[in-house]
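**Q** For reference, the chains in residue letters:
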Amino acid sequence: MKPRQQRMLAVGLAALGIAIAASLTLRAFKDNMMFFIDISVVVAGDHPTERTFRIGGLVVDGSVERREGSLEMSFRVTDLKCELGVRYTGVLPDLFREGQGVVAHGSMADDGVFVADKILAKHDENYMAPEVAASLAKHVEDQTASLQDGAAECGSI
Amino acid sequence: MIPEIGHFALILALCLALCQGILPLVGAHRDDAAMMSIARSAAAGQFLFVSISFGCLIWAFIHDDFSVLYVANHSQLSLPGIYKVSATWSAHEGSLLMWIFILAAWTMAVARFSSDLPMKLLARVIGVLGLLSVGFLLFALLTSNPFERLVPAAIDGADLNPLLQDPGLAIHPPLLYVGYVGFSVAFAFAIAAMISGELDRQWARWTRPWTIVAWLFLTMGIALGSWWAYYELGWGGWWFWDAVENASFMPWLVGTALIHSLAVTERRGLFKSWTLLLAISVFSLSLLGTFLVRSGIIVSVHAFATDPTRGFFILAFLSIVIIGALVLYAWRAPALDSDVGFGLFSRETFLLLNNVLLVVAATLVLLGTLAPLIVEMLNGDKISIGPPWFEVAFLVPMIPLIFLMGLGMHTAWRQQSTTPIIKLLRIPAIGAVVVGIVLPLLFYGRVGLMLAVGCIAAVWIVATSLLQPWRSWRRKEGEAGITRSALGMSIAHLGMGLFVIGVTVVSAFGVESDRAMREGEIIELAGMQFEMREFREVKGPNYDAIEGVVEIRKDGKYLATVRPQKRQYLVQTSLMTEAGIHPSWNKDLFVALGEDLGGGAWSVRIQYKPMIRFIWIGAFVMALGGLVAVTDRRYRRKDVTP
Amino acid sequence: MNRFILPLVAAVVLIPILVLGLRSDPTALPSPYIGKPAPEFELPTLKDPAKTIGTANLRGQMSIVNIWATWCVGCRAEHQFLVELSEEGSIPIYGINWRDNRQNALNWLAQLGDPYVASGFDADARVGIDWGAYGAPETFLVNADGIVLYRFTGPLSWPIWEQEFVPLIAAGAGR
Chain H
0 MKPRQQRMLA VGLAALGIAI AASLTLRAFK DNMMFFIDIS VVVAGDHPTE RTFRIGGLVV
60 DGSVERREGS LEMSFRVTDL KCELGVRYTG VLPDLFREGQ GVVAHGSMAD DGVFVADKIL
120 AKHDENYMAP EVAASLAKHV EDQTASLQDG AAECGSI
Chain D
0 MIPEIGHFAL ILALCLALCQ GILPLVGAHR DDAAMMSIAR SAAAGQFLFV SISFGCLIWA
60 FIHDDFSVLY VANHSQLSLP GIYKVSATWS AHEGSLLMWI FILAAWTMAV ARFSSDLPMK
120 LLARVIGVLG LLSVGFLLFA LLTSNPFERL VPAAIDGADL NPLLQDPGLA IHPPLLYVGY
180 VGFSVAFAFA IAAMISGELD RQWARWTRPW TIVAWLFLTM GIALGSWWAY YELGWGGWWF
240 WDAVENASFM PWLVGTALIH SLAVTERRGL FKSWTLLLAI SVFSLSLLGT FLVRSGIIVS
300 VHAFATDPTR GFFILAFLSI VIIGALVLYA WRAPALDSDV GFGLFSRETF LLLNNVLLVV
360 AATLVLLGTL APLIVEMLNG DKISIGPPWF EVAFLVPMIP LIFLMGLGMH TAWRQQSTTP
420 IIKLLRIPAI GAVVVGIVLP LLFYGRVGLM LAVGCIAAVW IVATSLLQPW RSWRRKEGEA
480 GITRSALGMS IAHLGMGLFV IGVTVVSAFG VESDRAMREG EIIELAGMQF EMREFREVKG
540 PNYDAIEGVV EIRKDGKYLA TVRPQKRQYL VQTSLMTEAG IHPSWNKDLF VALGEDLGGG
600 AWSVRIQYKP MIRFIWIGAF VMALGGLVAV TDRRYRRKDV TP
Chain E
0 MNRFILPLVA AVVLIPILVL GLRSDPTALP SPYIGKPAPE FELPTLKDPA KTIGTANLRG
60 QMSIVNIWAT WCVGCRAEHQ FLVELSEEGS IPIYGINWRD NRQNALNWLA QLGDPYVASG
120 FDADARVGID WGAYGAPETF LVNADGIVLY RFTGPLSWPI WEQEFVPLIA AGAGR
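Chains as they are written, first to last, in numbering that gives the first Met the number 0: chain H, 0 to 156; chain D, 0 to 641; chain E, 0 to 174.
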């Protein structure tokens, strides 16, 4: 094969590979993107219904309930503005604790409770997942503002 | 006093690195032998001072010198001795110092073992390595000084993160870094070739063993990391497509491509500019990985404590290195193009395909890793890309790669005629299809499409890679045997086959179950009985633990006892899950304690992981193949005829 | 175009993405309180759980609120400074003992000196989070009206104090 043909072959193969990869990537990408949604937004009903997403916030003190001796449990998560109930069956991560940050994967059930299929807590307990921290900070701001204006209750975005 | 010596040694190392980076390059340009000869002694001096500095930091850890901020933050009096040493590289500052130490060691090795290199080439290679050292030394001294004092000294340290208190993790980072940093040698050779404008087959022969050694360390480093994740934090998973894992995996993929492309350059003098580009890319990806891990730009369980200043520094360094190298490439590479031809059905074509597929795979991984960043920038949505996407996207280039591998191994350079290769490979091919379908049916009782593809691929690679060594072993007297280089290739490919077996079987037949268990309760999983005999309290050197004693039986016959623990570390007051694993060559039995559910019950995750050891064994066999290949005669001979 | 330039183009595209990514540092928390009232809180004090300390204590004079914990090495680093500052007596220092163990915290103060007028005991970190504390130590400057003037993350020292806090205190007092 002559160098020119070689090059054509190389470029052709590379282009083919990249084209296949790109189309597959883009198709699969949309299905696999997991959005992080603020709890206030979920409570207001503005969340994906067809697919799973992530939520995060603080586990509300005293809200963790479990049937004794069972893996089924439920708790409430807050973003300091709204609270959302979460149901989960399974083994919890080591850093799951009341008052601590948590991230959950799952989707909304018809009864308005978030059904989690996976619970994540960060591996270092002194730091919080950045999405959660940002979400909390946003509502701390709202709270501070509401002290002045007396507005901004859960439900209003 | 000792920490100050360490700090001062680091500054001296910077001065020597400056000499090493500038004088030999200028000398090579001016043809000044005296200036070029500085390269070796400067490299030796730099290595000496970096070693002193690194030694001082280790000393501070061993002697619990909590007047050093870094030590106080990452160690503790009751920490076992071995972890006091490994705590040295457990966080940003110390691991950066280790990175610098390894870079200096590689430079020393190049200076020491390259006596047959032309003086100019050697001066340039060591000069480029010196400039890289300057960058990293500045980074350490300006933003991440590990010797910073804490006044007043802490009475006790904050302890090493319990996750990192593990033998696997003590050696995982050093291996990984030896690999990562080792690619800087290939990079330096590439830059030297572009500066001189000379790139011949001899150049590839010099570059290739260094690249293979770096690659084999990276392979082991990644495998160890995966193994650690499996038993320490993964609840039984072995790869998570986490940003930081990807950061080490991308250089591996491109490094693998580089080894193959160097083979073509070495044998046939082809693919020169492509080889250069790969050498630049693989080191750039190593730097990119460092950036992702240390800047906090991407969220990950592995990420180091974050600091934007550090991020900016690495990014600036990364930009200078990459843009500088690529400008040089755009300018000099066109002149290096060769005009040798090769047939469509030839080793060259297969190696080209190998390269395209590996680079596509690396690009996909890069895309998935950076996607959350790009999406957030475009429209502010916070997203994450789950492992399912990576699994699918990654398989697309990998499946053809695996099948082509068996074919490519036996194809001749230049031009292969079809009849002999069909004759040679038809038995392995038929065998692979039959065995790949029958084996899972025989052992596990079912077969599916992906399972069959995986098993056929695995048997196909194993068979084709054993073909050549086997024929060499059975050869008639007087016939030439297999070269070390070809043997190394066969072994590495065999390792790939073992790896594919492991991945395929464990993903098809692995079983896991989350259950609540009380004392005396028995759970049936994968034909085995797991009985929780008792829960008891255990005391460790720096933790208290609850231990579950689980007896495993098969058909009433005793198999093993595992002891999963839930540990409470005393200083960081953090909980840790320590899984109880019963390993054997063909399966792992894995029990992990979740939490106390009340009423004497604990949540427990039980897993049956068939063939999972093959994943890591495969990786180590790959690395072994690399080791065999570098001992080939032609890399040891001093006077090679081109 | 020369195909050898393509990799350079790709790098030139990629690098700005990384730069921008760095800017939007995911761990950087906005400080929503600067110029706004300090978040309301009421905590039992460290030394006597029966007593409480809260926002009301911050009214009437300029003060600083320091979030600390015994497990935090940065806190140890700044402790000497805080003791010296309290001895100087120019400004009251309130502490929020964050995610800590009461006995450890009391031992720490007995051992290293207690610079605080009072420390609130925030074991479950709720107040810390209201204040937007992301790690310890963090220090807030609050004026006589209970408005947060400044937030500093990381260990304090005399140079930082002189440079960042003193001008604000002088301006606040002169107003």
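The hints are simulated quantities; they were obtained by calculation from the structure and are not laboratory data.
It is possible that some hints are incorrect.
Unchecked claim - Lysine to aspartate or glutamate pairs mimicking EDC-like chemistry, simulated, CA-CA at most 20 Å apart:
no. : chain 1 : residue 1 : chain 2 : residue 2
1   : D       : 381       : H       : 110
2   : H       : 29        : D       : 530
3   : H       : 29        : D       : 63
4   : H       : 117       : D       : 241
5   : D       : 586       : D       : 520
6   : H       : 117       : D       : 595
**Q** Each hint needs a verdict: does it hold in this structure or not?
**A** Status of the hints after comparison with the structure:
1. Of the supplied pair hints, the one linking residue 381 of chain D and residue 110 of chain H is violated, its CA atoms being roughly 26 Å apart against a limit of 20 Å.
2. Pair hint residue 29 of chain H plus residue 530 of chain D does not hold up; C-alpha atoms about 44 Å apart against a cutoff of 20 Å.
3. Between residue 29 of chain H and residue 63 of chain D the CA atoms are separated by roughly 51 Å; this puts the pair beyond 20 Å, and the hint is violated.
4. With a CA separation close to 16 Å, the supplied pair residue 117 of chain H and residue 241 of chain D stays within the 20 Å bound.
5. Of the pairs offered as hints, the one joining residue 586 of chain D and residue 520 of chain D is violated, with about 23 Å between alpha carbons and a cut-off of 20 Å exceeded.
6. A C-alpha spacing of about 19 Å is found between residue 117 of chain H and residue 595 of chain D, which places the hinted pair at or below 20 Å, so the restraint holds.
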